[in-house]
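Asker: These are the residues of each chain, in order.
There are 2 protein chains.
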Amino acid sequence: MSTIQETIHQMGRQARAAAYALAQLSSDEKNAILRAMAGAVRKRVPELLAANALDLAAGREKGLSSAMLDRLMLDEKRIEAMAAGIDQVATLEDPVGQVLDAWERPNGIRIEQIRVPIGTIGIIYESRPNVTADAAVLCFKTGNATILRGGSEAIHSNRAIAAALGEAGAPDHAIQLIPFTDRESVAVMSGMDRWLDLIIPRGGKGLIETVVSLARMPVIKHYDGICHLFVEAGADQEMAVDLTLNSKTHKCGVCNALETLLVQREIAAGFLPKVAAALRAKGVELRGCARTLGILPDAIPATEEDWGMEYLDLVLSIKLVDSLEEAVAHINHYGSHHTDVIVTRDEAVAERFLREVDSACVFHNVSTRFADGGEFGFGAEIGISTDKLHARGPMGLRELTSYQYRVRGNGQVRS
Amino acid sequence: MSTIQETIHQMGRQARAAAYALAQLSSDEKNAILRAMAGAVRKRVPELLAANALDLAAGREKGLSSAMLDRLMLDEKRIEAMAAGIDQVATLEDPVGQVLDAWERPNGIRIEQIRVPIGTIGIIYESRPNVTADAAVLCFKTGNATILRGGSEAIHSNRAIAAALGEAGAPDHAIQLIPFTDRESVAVMSGMDRWLDLIIPRGGKGLIETVVSLARMPVIKHYDGICHLFVEAGADQEMAVDLTLNSKTHKCGVCNALETLLVQREIAAGFLPKVAAALRAKGVELRGCARTLGILPDAIPATEEDWGMEYLDLVLSIKLVDSLEEAVAHINHYGSHHTDVIVTRDEAVAERFLREVDSACVFHNVSTRFADGGEFGFGAEIGISTDKLHARGPMGLRELTSYQYRVRGNGQVRS
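Protein chains in written order, with this note's numbering: chain F, 1 to 415; chain Z, 1 to 415.
These aren't lab readings, by the way, just hints derived from the structure by calculation.
All of these numbers come straight from a predicted model, not from anything done at the bench.
Idealized CB from N, CA, C, for every residue including glycine.
Since no wrong hints were added, every one of them can be taken at face value.
With the Cβ distance kept under 10 Å, some of the chain Z side facing chain F (calculated, not the full set):
#1 Ala23
#2 Asp197
#3 Met239
#4 His250
#5 Val328
#6 Phe363
#7 Pro394
#8 Ser415
Work out the full structure, taking the sequences as your base and the hints as a guide.
Answerer: Below you can see the structure in the form of structure tokens.
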């Protein structure tokens, strides 16, 4: 066993023990500790800034882009936002202990299905240090022990944040940060299904792919958002322009931003020039199918690859479709099953779209940008799952729990 | 690409298309097809018996044990039970379309969380041909397309069953049987996460381990049942004898059979001779810890390995514990988180046990044998999951579904 392996396995054993302690805490006890965590973060502003300065200096030396450096950067405002976020999680309803179902069998045994913590969760993430606090705190609130493995760029900041969280009275090893940032540590975590019940990779596609191919335990994946908006023949066209604009330009570097606009052929000649003008006024580059180019000759010809692209930029592909069927088939084939929208005044057509599109979020007359735990009212979000098992779409606290069957009887035996 | 790879990937594409068709069927349409499947099985008794005879002959030639041959064997009674099972699934409530949650946000968007099929499910199983019908039919009822990969011993029977199910009017490729039984086919299925949303291996630990290490998509695992029964100091000892006997001997080769008996020290001298006499009368071999041997000198000394053994046989390990804490710690450490029981008249102690034992099923004064989808009233069971994600414990139809968020608005944008 290498040192890395030995250390991480030891952390796994400790996490398991911590999970048993955490599962026995009441909501009040957990909330008090959460508020103490927020307090510890506020008290340690100087340490956090000093640690972050080390990361920033190393990042500049490594030649990180200014966008990367900005992601990495902590200032008093961001640290206060982190602390306020923790306080807010303390106010959320605790799903642990909820009775999901309860019934009695003819033989008198009483069955209860109760929400319980998952147990131990590994979080593997990249540059942003605030993930350390976000992820750890949501897992703590739901009674899970976490093992965090952040990126090398943020290692000093991550250590300082974990140290602050660790002095708030949580059970020992409830939140552990892996001291290594070698790639080996990802492989070791992915292999230790005895000690980790779940891994959540938060980061780029490469990281997720690596974890998926190595992991022996369940992985909740947050893959691309290749989101579509379909303007159906019966759409309110002014609304369709607004929704397209908001979905594409409100924030274009996120997974719930619009990537492909589908327009029903019979309204395209009237609609496309209007939406194109609005999009171009916001600096959006348009890439169209052949029929789109017939109406918008200045658009760039879209290639087959465009239909499967998550641009995360001010770029939009546009395709004309002949029917609802064609729109649905395009979305199910090229999309990433994240969030897709229909704009129409025809309720029956909208209902067919919602039923037939195989995506986590299917919207009628709503911007793609509402695919978000906060906008759903979850109060907190650990991510947007593109998986279909356990958690699909925006993940809140509920999705960080499992359940257990508690059965009470008076001596029943099977005959 | 090998022929096996090409064929299985083609089946995957077909399964995805079938899943979209299946998701649009009403419960009535699915139930009519299920009844037609039962009819087709009944109509094809001669073909099924002829195909099964080929498997049995090959099995005898290969020198399969009589237990293996019995698992493989179909007769008119077993075929009728298969058909009746399908008819029964048609009568169960369809979870697809259920509204799990619904709420409105202050901005007026209405969010519904709706049960939908998972999509496409791969089932990899070993000798028993009736799994072909069982698994396919439960997946079909919940609107999922299946790709089945059975063991080589049952290939003729499996083909005949799949052919019968296939002539009942289901959408094309809703149920597909892989024509290969090579090990390569398991690897190919495990790698095609584009076409399979879930894999369920049904069989021995070796098979599950293989799938777990290869699979890129979620796997629902049905690992061992190392089940415990803890006789607490406050137990009704007669009840404890009955529950021990039933849990161990009602059927000993199954995952919900008892493997380890824990007895609180202070009652051991009185209780152990009684329970030992009852167990030995049923032919159960007893293996005890050192303190047990002090009371039952004829028991075999248990080794460290015994505490982690799933005997699946008339063997029981017995350990004395000093306290509830010790019992819980032993179960959480050595058990398989499947099903564990406390026998006691002390409600408060029982509640602590139920809360602190980290298992899918925790029982108070009930035989382990009730950890079963049928006994829970699910009407059907696809297995007993030892996972904590998505499905834990007995899995019925609900656990073969996912969900989707359907959101309706009137032009809401984010600002």
